[in-house]
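Residue numbers (my numbering), protein chains in the order written: chain A, 1 to 101; chain B, 1 to 101; chain C, 1 to 101; chain D, 1 to 101.
Derived from the structure by calculation, the hints contain no laboratory data.
Watch out, some of these pointers could steer you wrong.
Facing chain B, according to a computed beta carbon distance under 8 angstroms, are these residues of chain C, among others [claimed, not checked]:
| id | residue |
| --- | --- |
| 1 | I16 |
| 2 | D18 |
| 3 | Q19 |
| 4 | I20 |
| 5 | A21 |
| 6 | I26 |
| 7 | L32 |
| 8 | Y34 |
| 9 | K56 |
| 10 | R67 |
| 11 | R83 |
| 12 | I84 |
| 13 | I91 |
| 14 | I95 |
| 15 | K100 |
Quick list of simulated restraints, FRET-style, between CB atoms [unchecked claim]:
| id | chain 1 | residue 1 | chain 2 | residue 2 | range |
| --- | --- | --- | --- | --- | --- |
| 16 | C | K78 | B | K55 | 44 to 52 angstroms |
| 17 | C | G13 | A | S63 | 16 to 24 angstroms |
| 18 | A | A29 | D | P81 | 26 to 34 angstroms |
| 19 | D | P81 | B | P33 | 40 to 48 angstroms |
| 20 | B | A29 | C | K56 | 38 to 46 angstroms |
Computed footprint of chain B on chain C; a stretch qualifies when at least three of its residues, placed anywhere within it, have a C-beta under 8 angstroms from a C-beta of chain B [claimed, not checked]:
| id | segment |
| --- | --- |
| 21 | 47-54 |
| 22 | 59-65 |
Note that the structure is a prediction, hence the values are computed from the model and not measured.
Note that beta-carbon positions come from the ideal geometry of N, C-alpha and C, so glycine has one too.
Spelled out, the chains give:
4 protein chains.
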Amino acid sequence: MLVEFSILPIGSGSSIGDQIAEVLRIVVASSLPYKINPMGTVVEGEWDEIMKLIKKCHKKVMSSEDRVVTTISIDDRKGKPSRIDAKVKSIERRIGKSLKK
Amino acid sequence: MLVEFSILPIGSGSSIGDQIAEVLRIVVASSLPYKINPMGTVVEGEWDEIMKLIKKCHKKVMSSEDRVVTTISIDDRKGKPSRIDAKVKSIERRIGKSLKK
Amino acid sequence: MLVEFSILPIGSGSSIGDQIAEVLRIVVASSLPYKINPMGTVVEGEWDEIMKLIKKCHKKVMSSEDRVVTTISIDDRKGKPSRIDAKVKSIERRIGKSLKK
Amino acid sequence: MLVEFSILPIGSGSSIGDQIAEVLRIVVASSLPYKINPMGTVVEGEWDEIMKLIKKCHKKVMSSEDRVVTTISIDDRKGKPSRIDAKVKSIERRIGKSLKK
Numbered sequence: 001m002l003v004e005f006s007i008l009p010i011g012s013g014s015s016i017g018d019q020i021a022e023v024l025r026i027v028v029a030s031s032l033p034y035k036i037n038p039m040g041t042v043v044e045g046e047w048d049e050i051m052k053l054i055k056k057c058h059k060k061v062m063s064s065e066d067r068v069v070t071t072i073s074i075d076d077r078k079g080k081p082s083r084i085d086a087k088v089k090s091i092e093r094r095i096g097k098s099l100k101k
Numbered sequence: 001m002l003v004e005f006s007i008l009p010i011g012s013g014s015s016i017g018d019q020i021a022e023v024l025r026i027v028v029a030s031s032l033p034y035k036i037n038p039m040g041t042v043v044e045g046e047w048d049e050i051m052k053l054i055k056k057c058h059k060k061v062m063s064s065e066d067r068v069v070t071t072i073s074i075d076d077r078k079g080k081p082s083r084i085d086a087k088v089k090s091i092e093r094r095i096g097k098s099l100k101k
Numbered sequence: 001m002l003v004e005f006s007i008l009p010i011g012s013g014s015s016i017g018d019q020i021a022e023v024l025r026i027v028v029a030s031s032l033p034y035k036i037n038p039m040g041t042v043v044e045g046e047w048d049e050i051m052k053l054i055k056k057c058h059k060k061v062m063s064s065e066d067r068v069v070t071t072i073s074i075d076d077r078k079g080k081p082s083r084i085d086a087k088v089k090s091i092e093r094r095i096g097k098s099l100k101k
Numbered sequence: 001m002l003v004e005f006s007i008l009p010i011g012s013g014s015s016i017g018d019q020i021a022e023v024l025r026i027v028v029a030s031s032l033p034y035k036i037n038p039m040g041t042v043v044e045g046e047w048d049e050i051m052k053l054i055k056k057c058h059k060k061v062m063s064s065e066d067r068v069v070t071t072i073s074i075d076d077r078k079g080k081p082s083r084i085d086a087k088v089k090s091i092e093r094r095i096g097k098s099l100k101k
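Using the sequences and the hints given, assemble the complete structure.
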């Protein structure tokens, strides 16, 4: 399944880049397929390995914050592995042109 | 922590009440504190017990669908248990009137 | 259509009840049907009136904050007005018992 | 402000690529800065122009569907224009390596 998540520390100032960098270090180390975008990170895998990863990221940020809001969107489709690249490509094929990523 | 989730079967028609009823049966049986609203269900508890519940609900709906989109929002705040009732009450106290639930 | 939204000020401390109370005052004054829950507010109406309300709430919080994250979920269904009460009732009817709200 | 949105037709089958391609044609034609990812589309601009775009996309999909669920996440930060590229770059700078997009 494909999962996008974002982790938002509340209350430690409007600049949260250092905490997000910590999260991305954990994502990269997980070796799950991932893609970062300006609003979140998309990973692909099975329920347990993805939730273990997101819990680790959330707890890491929570360790230095009083409040953290984490949002998770799951798109689970039978018989469709390897969609992290295929979804955007299938839209590009339909439109007949390359899109900005 | 407080968690709102919603589970959306894609592709089996625009009426999804039967699947949502299945999900609520699982939530009620879990004995976690919960509240249902027109757009989702809020539960309160610890990470592992809540994620176990949501996985069970998601897998139940996925068992009869080809595609399911599940959305999860987590609000985790140190030293603040029992917020499922307290959050709305604290807003009502500030406004000085009862709000519709 | 039914719309749930939440407005989250980032960076002014982990207690955000005063800003949320401001938002609810605007919602109540709008006279749109609404329901508050521990994670957000659900309103019912047409696209333009709802988006005008959410913009007003977002701008209000933004007026005293450096950063605000607002999340909006829209459930739009043809020929189904007045769903803010009906959705939960239809689930209760299927389950055969009253649910916590 | 930065806004990620996704538009999900419910009830017309689990393959929704044709409707998403329609949405992306509208996004590209809008000339707002955008980036597509496997779970949604991020655009940058002011409130009114972005909401006008998302309304147009939502109404387009709704014109051929009975039910559509649209999700919108807004990250609004004072004095920070042009973040659609800058946010990811600032994370890469902190980590000291290029990330997958």
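Evaluated hints:
1. I16: Violated: closest Cβ of chain B sits about 10 angstroms from I16/C, beyond 8 angstroms.
2. D18: 7 angstroms, holds
3. Q19: Violated - the Cβ of Q19/C stays beyond 8 angstroms from chain B, reaching only about 10 angstroms at its closest.
4. I20: 6 angstroms, holds
5. A21: 4 angstroms, holds
6. I26: 11 angstroms, violated
7. L32: Check failed: Cβ of L32/C comes no nearer than 11 angstroms to chain B, outside 8 angstroms.
8. Y34: 6 angstroms, holds
9. K56: Since the shortest Cβ distance to chain B is 17 angstroms, the answer is violated.
10. R67: 17 angstroms, violated
11. R83: 7 angstroms, holds
12. I84: Hint on I84/C: holds, closest Cβ of chain B at ~5 angstroms, below 8 angstroms.
13. I91: 5 angstroms, holds
14. I95: This interface hint holds because 5 angstroms falls under the 8 angstroms limit.
15. K100: Check passed: Cβ of K100/C comes within 5 angstroms of chain B, closer than 8 angstroms.
16. K78/C / K55/B: 44 to 52 angstroms: At roughly 32 angstroms between Cβ atoms, K55/B and K78/C fall outside 44 to 52 angstroms, so the hint is violated.
17. G13/C / S63/A: 16 to 24 angstroms: Holds: the Cβ-Cβ distance is about 18 angstroms, inside 16 to 24 angstroms.
18. A29/A / P81/D: 26 to 34 angstroms: Check passed, 33 angstroms falls within 26 to 34 angstroms.
19. P81/D / P33/B: 40 to 48 angstroms: 43 angstroms, holds
20. A29/B / K56/C: 38 to 46 angstroms: 41 angstroms, holds
21. 47-54: Answer violated; 0 residues pass the 8 angstroms Cβ test.
22. 59-65: violated (count 0)
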